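Participant: Using the sequences and the accompanying hints, generate a full structural model.
There are 2 protein chains.
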Amino acid sequence: MAELIEPRLLKGFRDFLPADERERQRIEEILGRTFAAFGFEPIDTPILEYTEILLGKGGGETDKQIYRFEDQGDRDVAMRYDLTVPFARFMALHLHELPLPFKRFHIAKVFRGENTQRGRYREFVQCDFDIVGSDSASADFEIVLLMDRSFRAIGVDDVRIHLSHRGVFNSLLARLGIADRGEQVLRTVDKMRKIGETEVRSQLEKIAGAAATDTIMAYITRGPDNESTLESMRSLAPDAAQDLRRLSDVLQAAKTVGIADRIVLDPSVTRGLDYYTGIVFETFLTALPEIGSVCSGGRYNNLAGLYTKERLPGVGTSIGLDRLIAGLEELSVTGTQTGGAEAIVLCSDDAMTGRYHAIADELRTTGLRVDVYPECRKLGQQYAFAEKKDIPVAVIVEGAGETVTVRDLRSRTNDEGLTVGDAARAIQALTT
Amino acid sequence: MAELIEPRLLKGFRDFLPADERERQRIEEILGRTFAAFGFEPIDTPILEYTEILLGKGGGETDKQIYRFEDQGDRDVAMRYDLTVPFARFMALHLHELPLPFKRFHIAKVFRGENTQRGRYREFVQCDFDIVGSDSASADFEIVLLMDRSFRAIGVDDVRIHLSHRGVFNSLLARLGIADRGEQVLRTVDKMRKIGETEVRSQLEKIAGAAATDTIMAYITRGPDNESTLESMRSLAPDAAQDLRRLSDVLQAAKTVGIADRIVLDPSVTRGLDYYTGIVFETFLTALPEIGSVCSGGRYNNLAGLYTKERLPGVGTSIGLDRLIAGLEELSVTGTQTGGAEAIVLCSDDAMTGRYHAIADELRTTGLRVDVYPECRKLGQQYAFAEKKDIPVAVIVEGAGETVTVRDLRSRTNDEGLTVGDAARAIQALTT
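Chains as they are written, first to last, in the numbering used here: chain A, 1 to 432; chain B, 1 to 432.
I should point out that these hints are in silico values taken from the structure, not numbers from a laboratory.
Bear in mind that the values here come from a model prediction, so they are computed numbers and not experimental data.
Do not take every clue at face value.
To be verified - DSS-like cross-link-like pairs, simulated, lysine-lysine; straight-line CA separation at most 25 Å:
1. A/11 <-> B/109
2. A/206 <-> A/191
3. A/11 <-> A/109
4. A/109 <-> B/11
5. A/64 <-> A/11
6. B/109 <-> A/109
7. B/109 <-> B/11
8. A/388 <-> B/309
9. A/309 <-> B/309
Facilitator: What follows is the structure, given as structure tokens:
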């Protein structure tokens, strides 16, 4: 006999057993339904693309993380590492088939061969939603509203959406005469939650000098409420009138819709990535600030500029589904319904196989989920199996199969001599 | 300005635009619900695995098709080319966490770098369901029943499930003294639909000689009904009593459950793959025989033998979802509901942005899917947009935003002066 192969997984990759997979599907389904309620439409793109397409926007950091290889036809190909770059390519390719503004969502796996030290996975699910083809406060606000509504739909009411505007920050940097070091400054400020204020200040002083750093630190410090924060931003970056107006419009819409208490104007939010040009946001679970932002994004002024001359402004965001689900587990906001079978038809006579399946099939027509034990083993063994699978009710077929006993496996009580129709009602009563 | 990158796709890969993606999700959701109704549980596995794991069962043909490369850690890795091999590895790894018999389904993408000439894709979705840990007629039959119920749930009533038993065929080959050429014979018979009877006979004669070929051709020829076919198999392979009994039990169960008219005992079904050991089946859409089997599978006696000494008998099948969906389109059995927005709130004053979103949000609480046009353009342009997105109703906010007009975009009639609550009822009436 050949030597066994060890059934191991690659580091950073994992299996989903039924309970976890059900929970993931439950969350994805709620999110999909919520996005559709806002008129967002689902799309999908290939996991493999030409490397040239995927690395268009990537920096050096991405290059190292990407799964890249030559395929059978000697093409330089790679697995997608996010859903934004493929979406940009998608828009360039299908621009004339899609009505603009186009609102899409995409929930799918992405791959990054990054360090797994910090509990990160190399295969994980992202959930992106974007509005492309409109540069308006209405589109900006709709993404914010949908973020809030998505978390509520999942059962997380207490979130804070921190938002700011890259244009205002850029205006401040220009005023300070350090626009050339803008990206460094933004990346440093973006690390605030990770490295703390003292370290940010020290790094900024090296980049921008002490005087500019004082102003930047004043700018990124929040006031007691959104109005005073906005006022402070306005006084430090008075040239950014249009961008400040946009922020003010979004905050006003939040008030009108009644979600202002969950919106935090926070000038320290910059999002390191250089393609954001307008509003930027991050979302925190109030009960779990330590897991960081579970939903981040912003406005970009030219999504598909690498692939088409058509200018496509847009705004969008990405939910890190794995981190969110881990958070939900910690908050015990996981689903109660299991999606598992509600009853199991037990087996005591092989000659009755067809009848067992006929009874199960009839029970299913009432909407019940019904398992059938496939072999005639001792009843105790079959009960133990049902218990392991969390199935609350057993159906024991009587005599020639015209009647059945319905057994509540939790209370261990029997209801005998039922027709299949009565059995269905008895099971419904026990399981709802 | 940098040169543009051509936004192209790899050959054999495709995007899913909203209409196609919605249809795929609709079918996957129906299938998932049907599997769950039978007590099958969802799982997922990684797309990337160690090559050693994935090529364990593959032959030379698979080697050439697999996407294989070295990752950043110099590991020899590959993208899964089916869902069976990863499932075998999954069972070996998690054997002691799972109650047996284990019934799982898995709907996910797989990758094969094969020739795309015949309209095949290199990235496609498979849908597998298996019962592992039981060798019984009940398990065999449950897979057959679930195949039938899955197709009915999708709206395809007229399918024929062709089934046979590899053990009976093997018994015949042993009796003919050509067991050593069994695999060649099975693979040749498996090509019947592709190359026709004359060519099969000619190839068989070269493999097995004229006399044996006559017997094989007699064996694989169906009688006028399942009973006579079974009788013919019994007379030609009398040593296979146990396997014939299994076939007979499955056919009997099909009669009891009332699906016998869709089951065809067909000894020409062999499934070329050598790991099948018992019942084997293929499924054809009566209206579209030319697309071939849309759901094939069978019984194997040792799923995970490459990875564990634990013997795991099982039975299962795989739906080729892309081929099936193409078939459904041809049969016009595609979904009628689009999942798109049912109404769109139009924009005529930027200062009202918050109010537009508040109205949309209130309408959504009644279960409606409601879009918001994000910019204040000419009404005609907004109507044209709604038409392109197949949105049947427009909501035009009146005056200060306390009342609205509901416009039926198909009949071009208005219902004016409605409260938001009345508007919700009006839209429901227009869209259901």
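Participant: For each hint, tell me whether it holds in the structure or not.
Facilitator: Now the hints, each set against the structure:
{"no.": "1", "hint": "A/11 <-> B/109", "verdict": "holds, 21 Å"}
{"no.": "2", "hint": "A/206 <-> A/191", "verdict": "holds, 15 Å"}
{"no.": "3", "hint": "A/11 <-> A/109", "verdict": "holds, 16 Å"}
{"no.": "4", "hint": "A/109 <-> B/11", "verdict": "holds, 21 Å"}
{"no.": "5", "hint": "A/64 <-> A/11", "verdict": "holds, 17 Å"}
{"no.": "6", "hint": "B/109 <-> A/109", "verdict": "holds, 10 Å"}
{"no.": "7", "hint": "B/109 <-> B/11", "verdict": "holds, 16 Å"}
{"no.": "8", "hint": "A/388 <-> B/309", "verdict": "holds, 24 Å"}
{"no.": "9", "hint": "A/309 <-> B/309", "verdict": "violated, 60 Å"}
Taken one by one, the earlier hints fail for this structure only at number 9.
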